[in-house]
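Chemist: One-letter residues, chain by chain:
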Amino acid sequence: MSVLLKKIQLLGRSGLSYCQEIGKAGIFLTNTLVRKPRFGKSFPLLIEQLFSVGVLSVIIIIVSALFIGMVLGLQGYNTLTQYASSQQLGVLVAKSVVRELGPVICALLFAGRAGSALTAEIGLMKATEQLDSMEMMGVDPLWRVIAPRFWAGFIAMPVLEIIFSAVAIFGGYLVGVEWLGVDGGSFWGNMQASVAFHEDIVNGIIKSIVFGFVVTWIAVYQGYATVPTAEGIGRATTRTVVYSSLAVLGLDFVLTAVMMGGW
Amino acid sequence: MRARSIETLVGLFMLAGIVALLVLALKVSGLSSYVGGTGYIVTANFDNVGDLKIRAPVTISGVRVGAITKIQLDKTTFKAVVTMKINADQNEIPADTSASIYTQGLLGSNYISLNPGYDQTVLKNGSVIGNTHPALILEDLIGQLLFSLKNPSK
Numbered sequence: 001m002s003v004l005l006k007k008i009q010l011l012g013r014s015g016l017s018y019c020q021e022i023g024k025a026g027i028f029l030t031n032t033l034v035r036k037p038r039f040g041k042s043f044p045l046l047i048e049q050l051f052s053v054g055v056l057s058v059i060i061i062i063v064s065a066l067f068i069g070m071v072l073g074l075q076g077y078n079t080l081t082q083y084a085s086s087q088q089l090g091v092l093v094a095k096s097v098v099r100e101l102g103p104v105i106c107a108l109l110f111a112g113r114a115g116s117a118l119t120a121e122i123g124l125m126k127a128t129e130q131l132d133s134m135e136m137m138g139v140d141p142l143w144r145v146i147a148p149r150f151w152a153g154f155i156a157m158p159v160l161e162i163i164f165s166a167v168a169i170f171g172g173y174l175v176g177v178e179w180l181g182v183d184g185g186s187f188w189g190n191m192q193a194s195v196a197f198h199e200d201i202v203n204g205i206i207k208s209i210v211f212g213f214v215v216t217w218i219a220v221y222q223g224y225a226t227v228p229t230a231e232g233i234g235r236a237t238t239r240t241v242v243y244s245s246l247a248v249l250g251l252d253f254v255l256t257a258v259m260m261g262g263w
Numbered sequence: 001m002r003a004r005s006i007e008t009l010v011g012l013f014m015l016a017g018i019v020a021l022l023v024l025a026l027k028v029s030g031l032s033s034y035v036g037g038t039g040y041i042v043t044a045n046f047d048n049v050g051d052l053k054i055r056a057p058v059t060i061s062g063v064r065v066g067a068i069t070k071i072q073l074d075k076t077t078f079k080a081v082v083t084m085k086i087n088a089d090q091n092e093i094p095a096d097t098s099a100s101i102y103t104q105g106l107l108g109s110n111y112i113s114l115n116p117g118y119d120q121t122v123l124k125n126g127s128v129i130g131n132t133h134p135a136l137i138l139e140d141l142i143g144q145l146l147f148s149l150k151n152p153s154k
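Quick mapping for you: the protein sequence lines, in order, are chains L and G. Just so you know, we're using our numbering here: the first sequence kicks off at 1 and counts up by one. Just so you know, we're using our numbering here: the second sequence kicks off at 1 and counts up by one.
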């Protein structure tokens, strides 16, 4: 009996600590975002972070987008030719990239490339007591360290997603039109006839804005809440990638249901 | 120097994002429809264009020679006016050429096929193709088939 009671207690404790953790992350985010803006001083910090979060991620985004678009073109062509409708290849590539693959794969890559780096960086700052010493000097680490990184991720993510989508569609074009010989006019024409700017492209961008928010939030918070040891930093980095991947995939379903599922 | 190069790279990054957005808006979702390349404009009036779309190919014997740039409705004759741009190097198409709308495959999209005639004069910028065959509408065909099946005496 008492064993069962202990198990239930354990469950209750872990549930409570889970809620506590979410609450802490929420308070942390509010403290980071809700403050008097100091544009003149924050802007250079933001630019620096945009460079390391955004510009340095461009290469991996472009390369993976190109290959994903090319694979889509190849697979789609093989299936569509069985129904003699290979001229719909453009629609297939554009719709799947703009609606789903662009935001989701971009967010997963972003979590792996930039999110983990953010966590490790902030975690190491905490482990080496840089954050504490900043506070000692009267500089708020939330403003100096966390806020620029958060905003940089939030801004960079949609930009990366747009680049990803455009490059992936170009990859599909390369394989479909230039290599496999689908008519270029039908490729673009059918695509334009069925891809709507607001319903497809803007919704994809909205998705990536939400993903950018969530992924950077998780990365920054995990770094800030690291147990300040070498092992702790490693765990926090792993947690960032795992949590943000799960959050992206789960949220993607919810967002699709809300925006495109007619729910 | 390093700070400035970082700013430049971030600026380029933002610029790449804006350019990609423009590509998505104009080229992928077709907010503006623009058919590039040089060529001359020819129009043809059809009774029914079916599922023909802007940018669909114009072919002769299956070889692409141009693209459709505009589809409008004539307000007096209620015919569809299809404007197409023929590539500039295809400048010896006879003036009595006929135009038909065909379907690529069973379920594919529509395109225009030109059947060259024997006239000595050639199609020029602004020419109108008089002899046209409308798109085959599957429902009409089935309707005719059913009608002829019901009235076998004909």
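In short, the hints are calculated from the structure, not lab data. Ideal Cβ positions, reconstructed from N, Cα and C, are used throughout, including at glycine. Be aware that a few hints might be false.
What the hints assert, rightly or not - Here are some chain L residues pointing at chain G (derived, C-beta under 7 Å):
| # | residue |
| --- | --- |
| 1 | Leu-56 |
| 2 | Ser-85 |
| 3 | Gln-87 |
| 4 | Leu-109 |
| 5 | Gly-112 |
| 6 | Ile-163 |
| 7 | Leu-180 |
| 8 | Gly-181 |
| 9 | Asn-190 |
| 10 | Phe-197 |
| 11 | Phe-213 |
| 12 | Ala-230 |
| 13 | Thr-256 |
| 14 | Ala-257 |
Stated by the list, open to error - Computed footprint of chain L on chain G, listed as stretches where at least three residues anywhere in the stretch have a Cβ under 8 Å from a Cβ of chain L:
| # | stretch |
| --- | --- |
| 15 | 71–82 |
| 16 | 124–130 |
What the hints assert, rightly or not - Using 30 Å as the maximum straight-line C-alpha spacing, the simulated DSBU-like pairs for lysine-lysine come out as follows:
| # | chain 1 | residue 1 | chain 2 | residue 2 |
| --- | --- | --- | --- | --- |
| 17 | G | Lys-27 | G | Lys-150 |
| 18 | G | Lys-150 | G | Lys-75 |
| 19 | L | Lys-41 | L | Lys-24 |
| 20 | G | Lys-124 | G | Lys-70 |
| 21 | G | Lys-124 | L | Lys-95 |
| 22 | L | Lys-95 | G | Lys-27 |
Chemist: Taking the earlier hints as the rules, which of them does this structure contradict?
Modeler: Numbers 1, 4, 5, 7, 8, 11, 12, 13, 14, 15, 16, 17, 18 and 21 - these are the hints that the structure violates, sorted from lowest upward.
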